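J.: The lines below spell out each chain.
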Amino acid sequence: MSYLYYPGCSLESSAKSYDLSTRWVFQSLGEELVELEDWNCCGATMYMSTKETISLVFSARNLALAERMGGDVVAPCSSCYTILNKTNKILKENFILKAKVNQSLKRDGLSYHLKVKARHPLDVLVNDVGIDAIASRARHSLEGLNIAQYYGCQIVRPEGVFDDPENPTTMDKLFEALGGKNVYFPVKVRCCGGMLMTTFHEVALKLNKEILECAVENGADCIVTTCPLCQINLDAYQKKISKKFKVKVRIPVLFFTQLLALSMGSTPKEAGLDQNLVPVGEKILGGRL
Amino acid sequence: MAVDVLKEPGILDKKESELRAAFLYQVSNIPGGEKIKKCIQCGTCTGSCPVSYTMDVMPREIIALFRAGAMESILNSRTIWICASCYACTVRCPMGIKVTDILYALKRMAMEKELFPKRFPIFVLSKSFVYLINRYGRSYEAGLLLLYYLKTNPLKLFSLLPLAYRLFRKGRIAPFPARIKKRKELSAILAEAEVMEMIVPEGVYPAAPQKGHVLGLAKVS
Ligand code: SF4
Ligand code: SF4
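Chains as they are written, first to last, in our numbering: chain A, 1 to 289; chain B, 1001 to 1221.
This is chain B alone, in the form it adopts within the complex (with noise of 0.2 Å):
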């Protein structure tokens, strides 16, 4: 694992004050975000999660490292693709820190950057599932796996054909895409919405940490 962690102590290059503001936002959006300020690497939430034995950077750490000022190697961690979104970390956490939400302000910030490999599984599985979903306002199961393996590793389907077929036997795979009725409504719908994510509120940006200010948790709501 490569971290970069402050070579002074409490100076935060532009690139990663940049990145803090954004991520701060993300959690001031999470309803009790702000118990971010409150962790103490108790390691509760590695210790529950099931699938922290693959991570490179233990959910504990990842706290660790924002607070360190290095988000720049929590971003490029396989630790938020892995994350199965099971809440096992967020219940026993002992100061109520929404770590799983976290993980996921993570990811959506990894993704908007695109820091990750290429065709990296998650980021190609989640465009093809938002592509169909925004066409059809329904998931569509097995068109969502063909645009997935065809962009990963399309030799991966010949291997999936016995599952596939027993699965359509058993009538669990539709032939075709359900779709909703008001599908022009809903684009409509969802160019608005693309507006107004892209709307920041004056004032929620945090300020970036100063120097002399290690931590920079001071102004998270």
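One chain only, chain A, in its complex shape (with noise of 0.2 Å):
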């Protein structure tokens, strides 16, 4: 079975490792990711802030391009993830938002009737191929490294698809699988305050410190993370909280398909390790440089 891929804005930029390491784990384990053909941005949170009607209609042209592809979209992004799921709920239950966005995507000849899924890659590698699976192919153990399983939030709030939306075990039980630590993380569904480090960075900065410091504090190699925009708040501003706070933090934030495939066997590049902005060791690569 092949899935339709959307890759959201985040991963053509910021997140290219996180493109880079799906495809490849999903090309090694011999299932098909098809480009969605010309698919906009999702609309993410901001435009949800902004306009009802007009945010619907951008991320259902997404679903309509699929439906008429014919497939289930699989969606790394988290809040894009969210964002297609909810307006999916939306349009099922609100027939008078139904037939609106329809009207407009008409325009371009599209029309949406609610047949298409969005799923979560980490749904799909956990449910449709399998633990088990995957743990075959593996060519490392993890053996040794201590992980800190970061969900964030948008992956299973608000509805929970495949996982438990206060304590999520999907990645915990993937990464057990292949030998790693899961460490004791209480803030495993914690809000990193996504857009909140542009517009309240103080307030961002704060929750970010909590999530970094617990992850040290339990002794995590590394922190494991499903969302483009948990990556780079976690990543990118470690300096300026161990300056702000006085702590102690460094410590690698990895998308959890860069660890996936690493185990699989791919070199450091093809999961795009080199985009970490803090250093992947040698405890992460295991002399595989």
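Hints in this document: simulated from the structure, not taken from any laboratory. Honestly, I wouldn't trust all of these hints.
[What the hints assert, rightly or not] Heads up, simulated SDA-like pairs for lysine to any residue below, C-alpha to C-alpha not over 20 Å straight-line:
no.	chain 1	residue 1	chain 2	residue 2
1	A	K98	B	E1197
2	B	K1170	A	D274
3	A	K106	A	G70
4	A	K206	B	S1052
5	A	K117	A	R68
6	B	K1127	B	E1034
This structure is a prediction, so every number in the text was calculated from the model and none was measured.
Make the complex out of the two chains shown on their own, each in a separate frame, by following the hints.
T.: This is the structure we're talking about:
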């Protein structure tokens, strides 16, 4: 079965490594990812806060394109993933908005009939491909690696489609099967602040400090995440946070697909590790430079 | 916090009842939105919110103020802009109230009525974002931040240079905006959506609360 791949805007720039590693992982598992033809921005949280119908039209255009190509959408960015799911939900329950959206889409000969599901690659990998199948292809054990599994908000909330909104464990199980050790990490679904990093910088710094500190205190060698915004927030401001709050945090933050790719035998470059700001050290690479 | 609580319970001035009607319409569009009636003021939302410590009106109080008929003080609050949309409140609310979506609805209303300080960060960010994606069909991070800081605090751009440089060297800043192919068609779709946005189906606006009907919660759906 092939999946329609919806990279989303950030995977084209600030989170290219997420794009690279996701494609790599799917390809090595023999799962086909077909990029959704001429996809557009999902509208993100920002459009949602401006205009209702238009924001729905934006995300529904992608779903309509997917419906025409026939297949479910795979969206690695947690924000895109939530927006697409939310659009489905609203259009399903509100026939007036659905009619408005379809009336707009008609201008380009498109229409949407709620036939497309939006899924996250973590969900697809664990629940379609299966942990056993992945573990059987792993080339390097993650033994000795202490991992803080950070899910953030929007992959499990508000709906918790494939995992628990308060205590998700999908990623924990995946990396445990690959030999890694999950550290105690009670902030796994705490918010990183998202766009607050731009608008209310100080507030976001504090949120990130708490997450980073928790990982370091519990002896993690790295943080693994599923969202481009979480990754950049946690990765890019560690120096600033250390200075401001007089703490010592320096810990690599990887997309879960990056660590997965590594354990499945990719080179660091194929996993996009050269794009991480806090360098990924020897312990993670396991002598595979 | 300047809350203009009703002098005479149950009587709403015209502006208030207009805001209220607009809000109730927005709420009626949220799947499960009508549950707002059931808030028991337990404060779980506030307690779950990672940023409530910097809010002026707590998430719980938003609903209390709505009941008290003080829409304007809600729309003027800092709260609706601080919300990071993390949905912690929504998943924990024992009554199933869609707190996050309600805050989104409030943001949209405040945006539309421009009820916030000039050059207010989130307003500028959202406007810049909307400008870019309407034009290209895709978001362009570097362009977005550039527009944003030019409009809010151009001097801040200098302090961002080191980070921008680091990101650029790592190949994490795209030098040019990505675009979709069917930009013209997208514009046509959006033009139509703009019209659709303005159509409010008849009968959906619930009646404004009447005298002696303090909570005004009877007709949400
Ligand atoms: S958690 Fe729900 S019921 Fe409790 S105060 Fe908040 S909105 Fe009301
Ligand atoms: S969605 Fe907003 S109000 Fe609710 S907990 Fe998160 S930040 Fe707080």
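J.: None of the hints should be skipped; say for each whether it holds.
T.: Hint check results:
1. Note on K98(A) and E1197(B): the hinted pairing holds, with a Cα-Cα distance of about 12 Å set against a maximum of 20 Å.
2. Taking the CA atoms of K1170(B) and D274(A), the gap is near 7 Å; set against the 20 Å cutoff, the hint holds.
3. With a C-alpha separation of about 18 Å, the suggested pair K106(A) and G70(A) falls inside the 20 Å cut-off, and the hint holds.
4. In summary, the hint linking K206(A) to S1052(B) is supported, as the alpha carbons are separated by about 13 Å, within the 20 Å threshold.
5. Between the alpha carbons of K117(A) and R68(A) the distance comes to roughly 13 Å, so the proposed pair stays at or under 20 Å and holds.
6. As the CA atoms of K1127(B) and E1034(B) are separated by approximately 29 Å, the hinted pair breaks the 20 Å bound.
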